[in-house]
Each structure stands twice: as structure tokens, then as C-alpha cells.
Amino acid sequence: MRIRFFLLYFCAIFIVVMLRPVFAQNPFTAEPKSKTLQTTTNPASKNSFLPMISFWQHRLKQKMADLVHEAKESHSVKPLAFLMLISFAYGMLHAAGPGHGKALAVSYILSQRPKLFRGMFFGSCIALFHGLSGIIFVLIIHIMLQKSITGTLEDVTRITQIISFSLIICLGLGILIKSSYKWIKRAKSVHPAYNGTHKRHLYGPLLSALMVGIIPCSGVVMVMLFALSMKLVGLGIMLGITISLGMALTITCTVVMVMSGKALSLAVVGRHSDLAITMENLIETIAGLMIAMLGLLFLSAVI
Amino acid sequence: MHMIRVKKRLLCLTLFVIVLCVGSDVIAHPHVFIIQRLKIVFDNQGLAGFGVEWQFDEMFGSMISMDFDQNHNSTLEPAEVEVVKEKAFSYLAEYDYFIFVRIDGQSFKVKWFTDFNAILKNGKLCYYFFVPCHVNAHEFFKEIVITTYDPTYYTAIFFAKKRPARVKNGDRFVIESAIKEDKSTSIYFGMVNPWALFLKFKLKS
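Protein sequences, first through last, are from chains A and B. Position 106 of the first sequence, counting from 1, maps to 106 under the numbering used here, and the rest follow consecutively. Position 70 of the second sequence, counting from 1, maps to 1070 under the numbering used here, and the rest follow consecutively.
Don't take each hint at face value.
[Unchecked claim] Listed next, the in silico BS3-like pairs over lysine-lysine satisfying Cα-Cα at most 27 Å (straight line):
hint, chain 1, residue 1, chain 2, residue 2
1, B, Lys1121, A, Lys72
2, B, Lys1039, A, Lys231
3, B, Lys1124, B, Lys1039
4, B, Lys1180, A, Lys63
5, B, Lys1124, A, Lys63
6, A, Lys72, B, Lys1039
These aren't lab readings, by the way, just hints derived from the structure by calculation. Keep in mind that this is a model prediction, so the values were computed, not measured.
I would like the entire structure built from these sequences, with the hints used as guidance.
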């Protein structure tokens, strides 16, 4: 069981290392910086989940556009309730797809042992910052600076990515150093006591969430732009926030699942055994390493 | 015993979720959606090429119109179309314009196009362009596969439900076609098979 457990963990790490970064850069309006394309001549794995997400995102986006038109033409608040519901669902689905800081949220949560509520708060903050950042950047670029959205937003996104990923590297290294210190401390002590009920702090959840969420969400950006094109700034902001709430639900669910998985895995290896402490420290070290590595990989892709 | 098995399964599930999240964070996902129609054009010798019509989702269309409809009259004039072509289409050359052609199994690289046009109508944006691809017809079938996808998966391309493809000047040829997933190509780390037009044609005997 133990060997299997470790093998699974190392497989996870191996897969992460093997993946090369390709960023969500609009291919229509920006010159490609990386030619790493993920095309193969093999049949796809039997996975209908991702095409299904794409299909439903398309449907929901179309429905949102129709409802915005309806709201504008009828001057009625009637379609608004349905519109909010649709945008919430769109946010949920949008975050269920790849990206949106889930990897970093998961790695960070793995490296700590926060209370459930704080973990959920952290996950929600990432989504909210991610969405709000999209709203704020569009408003600044379009209304205040009155500049072309496509080019400027690409540049802004790139700058925020560089800042965010650099901070993430620092965060990962910080966790790594802290966990290395624990290994050394533990090696010196004779009988370390494991206290499963002890809760570690989730250091600076808001700041950490801001580091990950500062990059504007392209989904929110497009919805905002659409609303702006129809001169419905208020509605655009409302939709952006609702989408962010939908994303928050998905990211929080992911965080909760991972927290439960970690708690379970520690319970499986034995609550009172020395192995549990080793396991937890190991998870923290690997998570710190993962955060630093992901930050480095992402940074190398945008520079 | 049963409890341990349940725990093991839960553990594996969690690990799977972690791998999915971590792995997927480094790749793009669809933000732009295209409904596509193809027009297969024949000349006297055989296939001359194909016209491509891309209808974008309204949100992407509004982004383009905000930036490139300079006089804000909700239509794109020829000068504006030129700018759209230069600033919101020509970069696709790096991705073979999202069109990947195989002729009898051999890859045909799409290097250029003609007759580009961008139309903005009722807030909806459409691109039209023609891809020259000359293939002479014979007594035996020539097989062409036109697969359309964005290799970065920033864009999802769907064939239109109504009239996804049509043929022009095809009277002299026996033509068979089908639209289905291209099982020999996968994108998005092997998770998605793009859709393709499978075309066969030969001279009428």
C-alpha cells in the first residue's frame, strides 16, 4: 500500500514535469511566442468530458449574448435573473476546464494544513481576484486609457503573468525552505509527536490568492467587452462578478476534494505512526517544489 | 477491509484530480468559438481548393469590432477589413490557418490563402477565405481529409449543423463526403479529436 501510494505521487509529479507550458494567448491577435503545439497523430483517449465542456461553454456563451440583447431591447429586468444563472453556470464550467489557478491552489493547499473554511476561502479568493482583475483591466484600458483592447490586453496580461509567476516561484521556494528546515529539525529530535488535530496556519491566504488570481480571466474579459460594446457597463460588471462566483464554486470544490484526499491519505498511512509525519512533510516538500517548478515553467513560457 | 478499499479508491480519485488540475493548468482552453462551413470548389481538372467560412461567437466578434471598426458604424469597410486581416488573421499563418489537409494520406501544408473578407452583420463577425489546393481527378478515387482545429485549443471549431459543407462545379466528378471526428489526429494532450471533412472524388466514367 505504501509503495503504491508513493508510486502514485511520483507519477503525478512526473506527469507535471513532462508537460510543457503553452499559454492561453489569443492566436488571432498575437504573434505566437511558443511553437509547442499539442498535436499528435494518435487517436484521442476516450474522454468526452473536455469536448463536452467546450460544447456547453459555447452554448452558454451564446445564450448569454442572446439574453443581454433581450435585456437591452426590452429594457426589462426579467431576463436578468436567468442571465445571472447562465453566467454563474458558465463560470462553473469555465473553471472546470484547464487553468484558472487550480493547480497552484491545490499545490498550496497541499503544502499547508488549513481549516476547511480557510481552504475554501482561499479557493474562492483566487477565482474572485481572477475575475475582478479581468473587469478592472478592461475598464482601465477601454474607458480610462481608451486604447485598443486586443494589443493592450495581451501586453497587460503578459506583465501580470510575469509578476504573478515570479511571486509564485518565491512562494514555492519559501515553502520548500520551510519544509527543508522541518526535515532538519525532525532529524535532530528523537521522538517527534504527531498531533493530527493540530491545524497549521494558511499563511496570507489573501496575498497568495492575489498572486495567482492577478492574471485577468479571458472569459470575463470577453463578456465585459461584449457588454461594453452594447454600452451596458453595469451589466458587464455584474456578469463578470457572477462568472467569478461560478468559478469560485468549482475551484473551492477542487480545493475541498484535495484537502479531503490529503486528510484521507494521512489517515490511511496511520494516524499515530511516524510515517504520518514523514508523509505530511514529504507532501509539503513536494508541493513547495511543485509551486516553484510551475512558477518557473510558466515564467519561462511568457518571457 | 471494505473501509480500506473505499479509502484507497478515494485516494486514487483525489490523486487523479490533482494530476488533472496540475497538468491542465499549463494549457490553453477554448475562449473563442467558431461555427464553420466549407465550400469545396472544383475546376475542370479536379479539386481547385476550398472556401472557408468562420462565424465567430458574438463576444469575440464584439472584441474585434471594438478595435477594428474604426468609425463604429457596425460594418467593416474594405480598409478596415485589411487591418483585420493584418492584425486579427495573418498571425494564424503560424498555425497553418487552423486547416490541416491530407491528400491520400500525405500532408499538404496550407501556406497561403486568397479572397479574405471579414463581415460584421448584426454584431456577428464572419471571416471568409479561400485555400487553393489543386488535386487532379482520375478514374480512381482521390481521398482528401480537411481537419480544422486550433493546435493551442484557444479556439474551438465546430461544423455548422445546417449545410456544413457544399460543393461548387462538381458535376463532372463522383463525389463522396462525410463529416466526422478525425481519429488519426488528437489535440490537447491527446484528449480531443478534431472534426474533419472526409472527401473522395473521381472522374465520372
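Here is what the structure says about each hint:
1. B/Lys1121 / A/Lys72: Holds, because 18 Å separates the two Cα atoms, which is no more than 27 Å.
2. B/Lys1039 / A/Lys231: Since the Cα atoms of B/Lys1039 and A/Lys231 sit roughly 37 Å apart, the hinted pair is violated (cutoff 27 Å).
3. B/Lys1124 / B/Lys1039: 20 Å, holds
4. B/Lys1180 / A/Lys63: 26 Å, holds
5. B/Lys1124 / A/Lys63: Between B/Lys1124 and A/Lys63 the Cα gap is close to 14 Å, so the pair holds against 27 Å.
6. A/Lys72 / B/Lys1039: Violated, at roughly 36 Å.
Hints 2 and 6, counting from the list given before, are not met by this structure.
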